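*Asks:* Listed below, chain by chain, are the residues.
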Amino acid sequence: MLQYTIRRILLIIPTLFFVALITFTLAKMAPGSPFDKNPDKPPSQATIDRWNRYYGLDKPVAEQFAMWLGNVARFDFGVSITRQRPVADIIGQGFPTTAQLGLQALFLSLAVALPLGIVSALRQNTIVDYASLFFATIGTTIPSFVIAIFFIYIFGVGLRLLPFVGWGTPQHMIMPTVILSLGSAAFLTRITRASMLEAVRQDYVRTARSKGLREQVVIVGHVLKNALIPVATVVGPAAAALITGSFIIETIFSVPGIGREYIRSIVALDYPVIMATTLLYAFFIVVANLTVDLVYGMLDPRIKVGK
Amino acid sequence: MATATTHAQERAAELNVLVRRQRSLWRDAGYRLMRNRAAVLGLAVIVAAALMAVFAPVIAPYDPTLQNGKVGNFEPVWTGSKYTSPDYVLGTDVLGRDMLSRLIYASRISMVVGFTPTLVIFTLGIAVGLSSGYFGGLVDQVLMRITDVVYAFPDFLFLLIIVASFRNSAFGLLLDGLVLIFVALAIVGWVGVARLTRGQILQLKEREFTEAARAIGAKPARIMWRHLLPNALAPLIVSAAFSVPGAIIGEATLSFLGVGIRPPTASWGAMIQQAFPSFSTNPWGVLLPAVSISIVMLAFTFVGDGLRDALDPRMKT
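Sequence lines, in order, name chains A and B.
Just so you know, we're using the numbering used here here: the first sequence kicks off at 1 and counts up by one.
Just so you know, we're using the numbering used here here: the second sequence kicks off at 1 and counts up by one.
Same shape as in the complex, but just chain B (with noise of 0.2 Å):
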């Protein structure tokens, strides 16, 4: 690349002409990333959330399972009700936990809960459907049958089956039930990062540039992760900023539901699900988790939007 750029500066001095500084497409898509004022501030959002994630320790002023029988359903200090504690700034939730350390502490469950499954569907999905769209075969044959089952299976349907069965086996206790979340939201999630790499692989090797390399001799290997892998990673990066939120949900609303992390870890669902019940005497319990969901849901949306925007401006929904 270095080469190359040197060789049009040298040629265009002896012309005597200008030329543009050749610019990567990723940075051209960094770029217009970051002229993206939603998608920085999206960003921004993430960056704290996870900041706040690392260093809930130092920051909450709390231990966040921490009960304290005197100070229950207390309500941010902002209120003014006498249910306040300057103690508490957010308040307390039905056990007397303070609600900003359990807020600060559940970031930590959304953040891993949101990168680590897509980490694993992305890696898995991608390895699987380059080979079923480059060969062809029984892998392919297979990974279609898989898909048309697993598309029949609403995929918070199959979610909540999984969880649910293995809840209470000595896996689904692993870190307070949030290794079996992973691993459901990973057999849930692959199927389609498989069938969207496959699609792309279907078309590339129809191009120019793979019967090139094709007819230089290049190894099945190569033509794979050198030239078809970075021209389909556009799609694969925008579905992966938008699987991340996917899994957060996943989590929020299985723990909702009762079958996600377990008490006492603190999650923003299933804060919300502890303190549904009293909902119209203190609704701050609810609401508080509730903000922080969708303030991160947001932010990851926006990122994602930025992220399809720069990746591909031709790409539009």
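The shape of chain A in the complex, shown without the other chains (with noise of 0.2 Å):
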């Protein structure tokens, strides 16, 4: 078990180096430059070059790609081309926010996701089955800025309940949290009651109530402790999915987080931003499913991870 967690460990390292390379060699690859975005004043000759050699972009690709390396192995990420700023200070402005969205949807989609779940597989083929059932389809199939645009009619345009621009206060953070988690709290939901089902239709199920233990100990000791096994498997992806739903969401409803940002360097070209973020946010989701895969060996006795 320490072997493994070890040797996973250590596999990070070269996974973030191969995300960090295709992301640097497509990026190289992109015509145009960062410094050619005022066409109405294209800057001289003199005055690219210039700000080539400062950010070394006279240098060979290679090259470039070493010393960036070099110095992200020291924290160093670089200067926005775009923002005229240093990126750690862009990604540490925006990532509270981000996070504070991130951590928010998550813990709604699993207090949404795992009762719905539970509740409309006891009961199923019940209304409130029926009600899940459409919950996680409508969730899981209509892409969170569709849903963003309804519910903005909605709540934000017609009914003029909640503010659907910028961020700070409570009632700021209501939409783009709620949207946020949606996809990943109606997904959640299918896996939850598909995973009871199987659950309580095991023999040790029917062992137990024929002993004539008490529902309440039998869903909770018996079922729930099996059934929540695989949902905490995609509890990883679904972070994964909160994460990049939450560009989309941030540029939709103006939220000052690094996902707004990221999508603004992307279309600006602006390299050293979105090499850093790209790099956390592959970050995150190695460590969210290495967390997964070692709390499952965990969870589940039966399950040997490692060989």
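Be aware that one or more of the hints could be misleading.
[Unchecked claim] One side only, chain B facing chain A, incomplete, derived with CB under 7 Å:
| # | residue |
| --- | --- |
| 1 | V139 |
| 2 | V142 |
| 3 | M144 |
| 4 | D148 |
| 5 | V149 |
| 6 | P154 |
| 7 | L157 |
| 8 | I161 |
| 9 | F242 |
| 10 | F256 |
| 11 | A290 |
| 12 | I293 |
| 13 | S294 |
| 14 | M297 |
| 15 | L298 |
| 16 | T301 |
[What the hints assert, rightly or not] Restraint ranges, calculated between C-beta atoms of paired labels, are given here:
| # | chain 1 | residue 1 | chain 2 | residue 2 | range |
| --- | --- | --- | --- | --- | --- |
| 17 | B | A170 | A | N52 | 19 to 27 Å |
| 18 | A | D58 | B | E206 | 50 to 58 Å |
| 19 | B | W78 | A | R214 | 54 to 62 Å |
| 20 | A | V220 | B | R37 | 34 to 42 Å |
Derived from the structure by calculation, the hints contain no laboratory data.
As the structure is a computational prediction, the values presented were derived from the model and not from experiment.
Think of the CB as a built atom: it goes at the ideal place given N, C-alpha and C, for glycine as much as any other residue.
With the hints as a guide, dock the two chains, each given alone in a separate frame, to form the complex.
*Replies:* Written out as structure tokens, the structure is:
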């Protein structure tokens, strides 16, 4: 187990290296330069040369990548080209907002999905079950930005209940959090329900009932305990979905987080920001997946992690 | 197959018993699918959308890119506001282009973007997955390492980076950016299919029928093509059914963020992006394409769910 954990942790490094390499290569293959974004007043060639020298863009690509890697190892992510500010500052400023949004959405989706999935499995083919299946279908089918549009239309433009631009007050947080959580809540509801349905049919549940255990004890002690293991494994992918979802949600609702900054940097080809944020996102996803795999092994003694 | 049936019938006649007419697995699945009302409805919507896409030039009342400066941001006729015109049933967009015609033409983008990359993804993914699962070895090692990296890259992030990088190259301009979106979707998608195929093959190649085929001297190509692939097909079809709407969402989201289809070509995502700034004044420019995407998405999900239930009643989630 310990050996497996160490090996998995060490594997993070090559994975992130390749993520960085791919992103860097793609960004370098992009035509156009971050300095030609003002078509009315293009900067002179001398200025561009000076900027290229300043950002190290005049060196061979391989050397640029090596330089970048060396800097990252010292936690220096460079300077944003379009904002003339250190990338670390930009990320540091947006990160708390994005983390707050993401965590709120994650907790909300778990708080909705677990009870909903459990109840709908226990009351299979009732109105509760159909309602939760309907929710799960809508949530996993319709893209978040489209759902956001309907929410903004109903609660923002129509009823004027909630603001839909900016961040800060609790009212501002309601719509982005709810919409961001919707996709993963729907997905987790589906998994919870399916896993519960699988578990209630097992022999050990019948045994527990035939022993005369009370229904609550059977459900909590025997069914839930087993049914939630598969659910735990998909929390990792769900968290990853929240991360990508946050780009779009932050862009729509003008939330000042790194997601919106990321989209901006991609459109403006601001490499230092693209590189740093991609790496950060990939890091979180790798860590989330690793945590889930390790927790899985602990939750389920039948699973032997590693070889 | 035909002789088997006649033999069974002759034998049944001899013994004077009734036999059920044999049905193939696929016929059975088709029958189950057609009994699923939601799936049939979904299928009908998809066929309608496909017909709309094919016959767009015939149905659409206007050229979708024709601008009429006098009628910018008109609302649909049923709203009864003074900014309506019987000439434009669903109103116009900011530049005075007919909403109805644009919505119709946009279905072309969605249909093409849904099916084309899926075809490429599955051809490539199945080929790699088959050989990696069957032979193991170097191909398998390389595939698994690629999968590790791609899995750390959320699909959409990868898609976004590829599209953003090549957007302004000559390649990115082909067909208003459509070709680039195809390629990006294919690059991001094939790994998942390869992995799914590989997993199936790893299980199937341990089964007796594979061993039997090998024992009578079948070549690897024949075993893969005639024995393994048909048995692995059910989950692959289901996954393809969900890959199509996935690609449509991908294009819509990219276009909504402004890095997808290039103006003036109409795509539902791009229409939302262009109308979004004036959402409060004329919500219809945003709502109509949003409703269109939702309907098509639900249709594909119904068909996908129906296919899953029809092909393998045991698969559930």
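*Asks:* Evaluate each hint against the coordinates.
*Replies:* Hints, one by one, checked against the model:
1. V139: violated, 18 Å
2. V142: violated, 12 Å
3. M144: violated, 12 Å
4. D148: holds, 6 Å
5. V149: holds, 4 Å
6. P154: holds, 4 Å
7. L157: With a minimum Cβ separation of about 6 Å from chain A (threshold 7 Å), the hint on L157/B holds.
8. I161: Holds, about 5 Å.
9. F242: This interface hint is violated because 10 Å lies over the 7 Å limit.
10. F256: holds, 5 Å
11. A290: Hint on A290/B: holds, closest Cβ of chain A at ~5 Å, below 7 Å.
12. I293: Given a least distance of 5 Å, the restraint on I293/B holds.
13. S294: S294/B check passes; min Cβ-Cβ to chain A is 5 Å, inside 7 Å.
14. M297: holds, 5 Å
15. L298: Holds. Min distance 6 Å.
16. T301: holds, 4 Å
17. A170/B <-> N52/A: 19 to 27 Å: holds, 23 Å
18. D58/A <-> E206/B: 50 to 58 Å: At roughly 57 Å between Cβ atoms, E206/B and D58/A fall inside 50 to 58 Å, so the hint holds.
19. W78/B <-> R214/A: 54 to 62 Å: holds, 58 Å
20. V220/A <-> R37/B: 34 to 42 Å: holds, 37 Å
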